[in-house]
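Undergrad: Sequence:
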Amino acid sequence: MKIKTTVAALSILSVFSFGAFAADAINADQAQSRESLGTVSVGAVSTSPMDMDQMLNKKAEEHGASSYRIIEARSGDQWHATAELYK
Numbered sequence: 001m002k003i004k005t006t007v008a009a010l011s012i013l014s015v016f017s018f019g020a021f022a023a024d025a026i027n028a029d030q031a032q033s034r035e036s037l038g039t040v041s042v043g044a045v046s047t048s049p050m051d052m053d054q055m056l057n058k059k060a061e062e063h064g065a066s067s068y069r070i071i072e073a074r075s076g077d078q079w080h081a082t083a084e085l086y087k
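Anchor point for the sequence shown: position 27 equals 27 in full-length UniProt numbering, and the numbering is continuous, going up by one each time.
These aren't lab readings, by the way, just hints derived from the structure by calculation.
Note that this is a predicted model, so its numbers are computed, not measured.
Idealized CB from N, CA, C, for every residue including glycine.
Treat each hint with caution, since some may be false.
Claimed, not checked - Taking CB as the label site, the calculated pair distances span:
1) S36 to D77: 29 to 35 Å
2) A28 to D51: 34 to 40 Å
3) Q30 to G76: 14 to 20 Å
4) G76 to Q32: 27 to 33 Å
5) H80 to S33: 25 to 31 Å
6) N27 to T47: 20 to 26 Å
7) D77 to E35: 21 to 27 Å
8) S36 to G76: 15 to 21 Å
9) Q32 to H63: 35 to 41 Å
10) E72 to R34: 15 to 21 Å
11) Q78 to R34: 16 to 22 Å
12) Q78 to D29: 29 to 35 Å
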């Protein structure tokens, strides 16, 4: 249940912040029409969902992705999130 809440929070926050970054956060339906570039993961100690979203966005940009979809997230003392990147 905690994972679903975290993924939902990250997704919502990414929608609010996508204009400030090169890569857009997308949902599963939007991802179906795009070409996958692989996945990236980020992790940090005691960070916020907004920080995790920014880290994923930066990684997506570094890999030349125009969009990404969060596919896994964990919270607690250490945060971890994985996103699939798309052209």
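Undergrad: Taking the hints in turn, state whether each one holds.
TA: Structure-based check of all given hints:
1. S36 to D77: 29 to 35 Å: holds (31 Å)
2. A28 to D51: 34 to 40 Å: violated (24 Å)
3. Q30 to G76: 14 to 20 Å: With a Cβ separation near 29 Å, Q30 and G76 fall outside 14 to 20 Å, so the hint is violated.
4. G76 to Q32: 27 to 33 Å: holds (32 Å)
5. H80 to S33: 25 to 31 Å: holds (28 Å)
6. N27 to T47: 20 to 26 Å: The hint (20 to 26 Å, Cβ to Cβ) holds, given that N27 and T47 are roughly 23 Å apart.
7. D77 to E35: 21 to 27 Å: violated (36 Å)
8. S36 to G76: 15 to 21 Å: This hint is violated: roughly 29 Å between Cβ atoms.
9. Q32 to H63: 35 to 41 Å: violated (20 Å)
10. E72 to R34: 15 to 21 Å: holds (19 Å)
11. Q78 to R34: 16 to 22 Å: violated (30 Å)
12. Q78 to D29: 29 to 35 Å: Since the Cβ atoms of Q78 and D29 sit about 31 Å apart, the hinted range of 29 to 35 Å holds.
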